[in-house]
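Work out the full structure: start from the sequences and follow the hints.
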Amino acid sequence: MTELFLAIELDGTGIHPASWRREDSRAEDLFTGGYWVDAITAAEKAGLDAVFLPDSFALQPGGHGVTRGVLDAIAISARVAAATRRIGLIPQAPVTHTEPFHLAKAIQSLDYASLGRAGWEVTVSQGAEQAAFFGRKQAQDPASLWREADEAIEVVTRLWDSWEDDAEIRDVPTGRFIDRDKLHYIDFTGEHFSVKGPSITPRSPQGQPIVAVRADDTAGSAVAARRADLIRIAAADLDSAHVQRNVLRTAIHTADRNPDAVQVLLDIDIHLADSAQAAQAELAQLDRWAPITTSGPAPRLRHIGTAASLRELLSAITDTGAADGVVLRPLAASAALQQLTAAPLLGTPPRVRIPTPGADPFPTLRTRLGLPRPTSRYAARNGAPA
Numbered sequence: 005m006t007e008l009f010l011a012i013e014l015d016g017t018g019i020h021p022a023s024w025r026r027e028d029s030r031a032e033d034l035f036t037g038g039y040w041v042d043a044i045t046a047a048e049k050a051g052l053d054a055v056f057l058p059d060s061f062a063l064q065p066g067g068h069g070v071t072r073g074v075l076d077a078i079a080i081s082a083r084v085a086a087a088t089r090r091i092g093l094i095p096q097a098p099v100t101h102t103e104p105f106h107l108a109k110a111i112q113s114l115d116y117a118s119l120g121r122a123g124w125e126v127t128v129s130q131g132a133e134q135a136a137f138f139g140r141k142q143a144q145d146p147a148s149l150w151r152e153a154d155e156a157i158e159v160v161t162r163l164w165d166s167w168e169d170d171a172e173i174r175d176v177p178t179g180r181f182i183d184r185d186k187l188h189y190i191d192f193t194g195e196h197f198s199v200k201g202p203s204i205t206p207r208s209p210q211g212q213p214i215v216a217v218r219a220d221d222t223a224g225s226a227v228a229a230r231r232a233d234l235i236r237i238a239a240a241d242l243d244s245a246h247v248q249r250n251v252l253r254t255a256i257h258t259a260d261r262n263p264d265a266v267q268v269l270l271d272i273d274i275h276l277a278d279s280a281q282a283a284q285a286e287l288a289q290l291d292r293w294a295p296i297t298t299s300g301p302a303p304r305l306r307h308i309g310t311a312a313s314l315r316e317l318l319s320a321i322t323d324t325g326a327a328d329g330v331v332l333r334p335l336a337a338s339a340a341l342q343q344l345t346a347a348p349l350l351g352t353p354p355r356v357r358i359p360t361p362g363a364d365p366f367p368t369l370r371t372r373l374g375l376p377r378p379t380s381r382y383a384a385r386n387g388a389p390a
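In our numbering, the protein residues as written are 5 to 390.
Hints in this document: simulated from the structure, not taken from any laboratory. On a predicted model such as this, the values are computed, not experimentally measured, just so you know. Backbone N, C-alpha and C fix where the C-beta goes; we use that ideal spot for every residue, glycine too.
Now the in silico label distances, taken between C-beta atoms and shown as ranges:
1. 170 - 243: 46 to 52 Å
2. 170 - 32: 45 to 51 Å
3. 319 - 35: 35 to 41 Å
4. 140 - 259: 26 to 32 Å
Here is the structure:
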């Protein structure tokens, strides 16, 4: 492995519940478009490949002392698309209470708005509270949730393929805008969905926007191995991450997919400052305001220090093959972005990804991942799905 895919997850003012209390948090701007434009353009300036944007139908836990409320991640991505040029935009979008037809159209539209930089992180909605918000069905167990998610991804990707690339002919003399023979019914019937199709949106710039799935549990990991282009993992150390990556690569191969066409990304919780001592002191202040609690099925690797020491960690990840890339999760977003733009991660260690001279200055997200643009499954099989 010669390069790392570098992404950042921007979760409000940061993943630490007290991050909004910092003077530099801009918490007062959190629900404005300007906050997100500034944050994501800063991430792009720092040379990061992509930004993940969390989303959920549930309010954040923790009571009045934490940030409460979220904006729609796909809407944020669309707002930022026109202000950015290179960074990939990967919003979360839950499938449990959302129709796949709507999700397919929304992500395709984002791919158009960003000129081919869209992705979709697939999530599920657990618990009775979120089920009650919609009132359509009872809460599901993880196995049921991920069976439904697996089916939803199948429907979405079929809809993305339902227009062939050259379906728009715009033939003025005959008055035909589209070639109807190049639009295909997907005719999908499954346990959870019955969708005829086709999509009402033409095939987007990437053909298939990038799909990301977290491997947080057995059911989610199985769907990730079958469906994802990017798989996110959490691990306490690099040895554990290396083991997880190998297990996932075996599962991907078992699913009759090429493991080299799927990238495993390691989550790293970070807090950056001008010195390691300052970073530790700032973290201590955050913890005095509101101690952070460990959540999720596995502890996450944490880096509290400087951008320079973070570069050393990235080189170690490259050397050990622990992951194909990382997702940086700032405890305090503004602080991390300030440090990363002042001392970008790219270009200093020789084995961290350096843009190739002469490369497309505005590559699609697929191009940045080294993935080819897929052919519509319907075009390849004369209208029958592969």
